[in-house]
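Enquirer: Protein chains in written order, with the working numbering: chain A, 1 to 310; chain B, 1001 to 1252.
Note that these hints are calculated values from the structure, not bench results. Just so you know, these numbers come straight off a predicted model, no measurement behind them. Where a beta carbon is used, it is the ideal one built from N, C-alpha and C, also for glycine. Any given hint could be a false lead.
Stated by the list, open to error - The calculated lysine to aspartate or glutamate pairs, modelled on DMTMM-like cross-linking and capped at a C-alpha distance of 20 Å, are: (1) K71/A to E1246/B; (2) K1083/B to E81/A; (3) K1083/B to E68/A; (4) K92/A to E1011/B.
To be verified - Far from chain A, some chain B residues (derived; all Cβ distances over 10 Å): (5) A1038; (6) G1050; (7) L1064; (8) P1094; (9) F1149; (10) L1227.
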Amino acid sequence: MIAVQDLTKQYAGRMAVNHISFHVEPGEIVGFLGPNGAGKSTTMRMLSGYMPPSSGYAAVNGHDVFRESLKVRQSVGYMPEMAPLYLEMRVKEYLKFRAELKGLRSRDMRRRVGEVMEQCSVTDVRRRLIGNLSKGYRQRVALADALLNQPPLLILDEPTNGLDPVQIRQVRELLRGLRPAHTILLSTHILQEVEQTCDRVIMIHRGRILANDTPVNLTRKLRALTQVFVEISGKGDVAAQLETLLGVRKVNEELREGDWVRYALRVEPGNDVREEIMKLADSQTWKVRELHRQLPSLEDVFVELAASEP
Amino acid sequence: MRIFWVLLKKELRAFFVSPMAYIVLALIMILNGFCLRAALSVLESAPSEGSIVTWTFHAMWFWLSYFFVFPLLTMRLFAEEKKMGTFETLFTAPVHTWQVVWAKYLASVFIYCVLWVPSYLNFQLLDWITVGQVEMPSGALKGSYLILFFMGLFNLAIGCLASALTSNQIIAAVISFTASLLHFLIGLFISVVGRQVSETFVDVINYFASMEHIRTFTAGLIDTRPLVYYTSLTLLFLALTHQVVEFRRWRP
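Construct the entire structure; sequences and hints are all you get.
Expert: Structure follows, in structure tokens:
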């Protein structure tokens, strides 16, 4: 669906995007992850046909983004960052205008406008001026606009920016529901979002790709940071005993509540000590009321990768 | 073509939902009233050469309104979209640049034409009130509106370009105002210093002096040279606007 080869964009001598290459298969949801100014928006703008690359090649749906810009724009639903909209228009009117612009006609247009308003839950504000809507609503109107002509590819620049937790969940559900008919490339700097929505993550930092893998694989590679939390009430030096378990590197006492103590264990990669802890507790007749393992988040992975970058 | 109509409709709507169209319309109506009154007082004071039409379009008030209209009508065309970021949404939709440029330009031309309707009604009203006592040469009237239309085409194209150059409406307005004024001043300048420079120079300058064009056309003479002049410059400025809008697509 997307093929990018050695894509580069320079702004006044600064490399915004630096020779990146990646592929996106049809039906995938790919998350573009990186801090602000990493080159996410620039890449997305190039893919949506808004501006040409300085060098390199990018194709969407088999069309070159520069030479066949119009065809690319027909097959892409693009939602820019900050969701720019015509503030003096009403929601339904705006969507009708956009639908007509995207080539939808009379009955089709009315049907699709109704559908996307329903999908993005903006039907109840359809007669309101966009200028009077909150950020969350505007964001969803922009998303509705991107969905209008049912493009095979959706490029969404920070689609959940400015939404409240409930709305974020709705948008996430919506995006998942669009699969497999739509391929989605979305950018974000919120890591949980990628973890929960995307099939694949492309981490980008200073215009370069740091990693390109599934969220699970990425975190598996960096198990070093696995932590196990256990809350135990028992006699003797519990911490010292826990430390003797295979693979446990360090034990920290986190919280003390009467007899109960919560310990945080740093565990070396490839070890799961939970079973051992239970056995130990059994043999020592400790009481256990919590035991859980926390896998490293993408955030940890990202910080690690960004730090290792020269 | 269909896309072009959709865009044109949207631009026209934008004019009428914002207060801008009404403010400009009111401004022009008032100034036109002054123009007509000024012309009447010229005719009242002494017998003079030229009709009511001539004097109306030579009034100081007329030039005042003339230069304010263009920046006001064109400043937001591209600048606002750039500022709001909708420029990006617009050009990631499957539209051609020429469709956008022409839609925006022709919307401003349409509003410009509407602006002159009250002025025309003023003449009709005067004719009706005075029961035809004031001489109202219809050729001069038609000629005046013809040249006004073509001068408008030219100045609106300048405004269009100015708006495409910046994301700040004020800057766009200042550029378009200055450019229109400079063009006008060349003609005015020559009528002031005309006696000190050679005949040929004056003749050449008069080819593109708006004052001179108004003089010819309000006398009821249709001269095709200014029409061709304004039309070709209009096309030039629109082509430049097109290039400016396309600029981001240029490869370094």
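Enquirer: Hints first: check each against the structure and report whether it holds.
Expert: Cross-check of the supplied hints:
no. : hint             : result
1   : K71/A to E1246/B : holds (17 Å)
2   : K1083/B to E81/A : holds (14 Å)
3   : K1083/B to E68/A : violated (27 Å)
4   : K92/A to E1011/B : holds (17 Å)
5   : A1038            : holds (37 Å)
6   : G1050            : holds (45 Å)
7   : L1064            : holds (29 Å)
8   : P1094            : violated (4 Å)
9   : F1149            : holds (28 Å)
10  : L1227            : holds (34 Å)
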